[in-house]
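In order, the protein sequences belong to chains U and B. Just so you know, the first sequence maps onto residues 1 to 415 in the working numbering. Just so you know, the second sequence maps onto residues 1001 to 1415 in the working numbering.
Note that these hints are calculated values from the structure, not bench results. Remember, it's a predicted structure, so these values are computed and weren't measured experimentally.
In silico lysine-lysine, DSS-like type, Cα no more than 30 Å apart, as pairs:
#1 U:K143 - U:K176
#2 B:K1181 - B:K1045
#3 U:K283 - B:K1253
#4 U:K253 - B:K1253
#5 U:K73 - U:K176
#6 B:K1314 - U:K202
#7 B:K1201 - U:K283
#8 U:K176 - U:K114
#9 U:K114 - U:K211
#10 B:K1283 - U:K283
#11 U:K40 - U:K2
#12 B:K1201 - U:K314
#13 B:K1073 - B:K1412
#14 U:K253 - B:K1314
#15 U:K253 - B:K1283
#16 U:K201 - B:K1314
#17 U:K314 - B:K1202
#18 U:K253 - U:K314
#19 B:K1283 - U:K201
Label-pair distances were calculated between CB atoms; the ranges are:
#20 U:Q315 - B:E1323: 31 to 41 Å
#21 B:Q1009 - U:P274: 23 to 33 Å
#22 B:K1040 - U:D163: 50 to 60 Å
#23 U:G142 - B:L1326: 50 to 60 Å
#24 U:N150 - B:A1013: 47 to 57 Å
#25 U:L326 - B:E1323: 36 to 46 Å
#26 B:V1256 - U:A276: 21 to 31 Å
#27 B:A1013 - U:A299: 52 to 62 Å
All C-beta atoms, glycine included, are put in the ideal place defined by N, C-alpha and C.
2 protein chains.
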Amino acid sequence: MKINRDRIQQNLAELATFGIDPQGGLTRSIGSESELEARKWLIDKAQALNAAVVTDAIANIWIVTTRSTTNLKPITIGSHHDTVPNGGKYDGALGVLLGLEVMQTIIENKVSLKHPLQVVSFTAEEPNPYNISTMGSRSVTGKLSQEVLNSATDCFTGALLTDSIRKAGGDISNLKEAQLKENDMAAFIECHIEQGSNLYKKNKSVAVVSKITGIYREQITVEGEANHAGTTLMEDRHDALLAAAEACLALEKTIVGVGRNDVAGTVGKFSIFPNAANIIPGKAEFILEIRTPDEQTKALAIAEITTALNGISKQRAVQFNREVILNQAPVNMSPVIREALANSIQNRDEELITLVSMAGHDAVHMTDITNTGMLFVQSIDGKSHCADEETRIEDIEVAGNVLLDTILELDKILE
Amino acid sequence: MKINRDRIQQNLAELATFGIDPQGGLTRSIGSESELEARKWLIDKAQALNAAVVTDAIANIWIVTTRSTTNLKPITIGSHHDTVPNGGKYDGALGVLLGLEVMQTIIENKVSLKHPLQVVSFTAEEPNPYNISTMGSRSVTGKLSQEVLNSATDCFTGALLTDSIRKAGGDISNLKEAQLKENDMAAFIECHIEQGSNLYKKNKSVAVVSKITGIYREQITVEGEANHAGTTLMEDRHDALLAAAEACLALEKTIVGVGRNDVAGTVGKFSIFPNAANIIPGKAEFILEIRTPDEQTKALAIAEITTALNGISKQRAVQFNREVILNQAPVNMSPVIREALANSIQNRDEELITLVSMAGHDAVHMTDITNTGMLFVQSIDGKSHCADEETRIEDIEVAGNVLLDTILELDKILE
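With the sequences and hints as input, model every part of the structure.
Right, dumping it as structure tokens:
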């Protein structure tokens, strides 16, 4: 049994017609017209399979086939259909459409499963103007309260999230009904592009995900002394920008020094004050991020950075004020699903590659309630979140067949 | 003959009552209520001396005594009465009030001068929301066109500059009438706080200014590659922030390496894009500034920085796009005025210190039309543009007497 390569290619191309941005890539943010069009297209596709479609309180789209012979809990394949601004055609979309492709292949081949098979497309996985990412998966796993969702507004337009969700077919006042309890589901599998270059460099199609990285963030404020850029002698300066620059480079040195592909360190947000050409910066603010699935590595990196910051602080007579603003633990993927994915990969004559996911995904939250696994597909040159995001159809075909085989195996072994 | 120490102290204290900012320091920006009050106070003070007061087209305040015995052109003492936000009591104000004090001392002592004596308080010397600093001195020396002034608006409120100038007693449509030609003035002397720590460290009251620094600025854009902060391997990154951080530190290293007090290098304006915690910065923009009165030193520093940027560019595979946005040449102070100031300092039993001004001043522009000189007064700990800006009355008294003697000497020797 095989998935239909031409059909998945056609479906990816069709979904990629929603949200074409004149500035490049796809822009399909929660509540936008293009996002609503993508939903409608997806629901039409599902209904053409005679699947039941339910849009839940947070507007997650659940597509269910009831061709099951028992009352076991469903096995679910899913990801998301929204994109970042100027994003790509595969991030999220691939996981939803391959889920649908596997479902259609099983229907066409008249295979009877013990478990109901579900496909889910989660609402607002990506960073968005409501500042709530992985919104759909966090809502169904009880991690977002009705109060938070009710009060969320678009930071550009001031629009209420509740209105966007209503347009998308949801209703936040029914949030409780959408929440899943442990064992409401037999398994959850998310297929996603790698977004990194490990598979590209190895020239392989797919990988089993072992863990999803922890994410640690500090908000750091550097207190120096603003002063006149001309009259203040170099020796008298307490330049907050230069201290922060050294801190950023110290982070890079520390992380590169670890010498592992599953550790990343980034300063992505950075500002100085008062930010005028003729004034020595008196204050700098930045967010330092470390990602790794290994808690001990994280602790050692933080210790090394602390030593570096203390040195800079002493040398320049500036102060670093540090606040931990995120400390999300790494999560392990289910051994049962990892094994099923590994067997499927090897049975399709592919080399077994195991990777850590260095990005967060809806799968992180699904681990709270069910056996969860992830399958990575190669991104060409590791690109994602951009117009150049690309994945070869050959790799997509391998991923689809691995996913199909995995579902069939899990259906046999899971209760 | 001596100036009146108690009176100048009292006048400085009175002027410092206009613009007291609840957030600290004085805020007296062009067109603000406090700036208008300061003008009124100053005009009242001048009129009490029976001096003629003229507010010109750009609202510079000219205070003139006609107790002269010839038709020689006036000798002018001046500075400005506006402040930066949360600025200090001395920057600008000291030069205007010491001018008035010298004028009053000469009147009281019934000294007849050959030249008319003038005091000027220039409009909007400091950076302001209209983005036109040294507005008054540049207007009278023909460096600002009526078109530029007519179209200037407050970047916060959108208010027209023409309205602010009208409120202050000027009228930009008469700009031509305010413009001075070469030799319309016999001399211009600006007394100003040093704003640096040279005099403070030497524990001296005053210094003769030899030159005013040149100011060189480049707008630099770093083109790297925005990418996912988790999934992009450290070795695959082209992080624009880290490249810019190295560039800022290279500037510091170059300037410190020159090892002279009259060279300064600063990055005061700095931004990154897209500026999100989970995205590797793809672009950075900053303004690199070098100040020195020595053109050769500037050229060598730029060459060294160019070498450094080329190295960073190659190492990180990022691109630096550089544009020179300001290249203001240094200006020399008039030898005649320098000598008169030096003689006066030594006659008052003070050590002769000569300094370069590392800040721009109205005096820069006055060099275009007349013999121009500057006298620096110690700033405690070199502080300026802040609430802590302070100058001892003992040092102010020395400066006032030096200024008085200098005017008397220049009156004799200048035609």
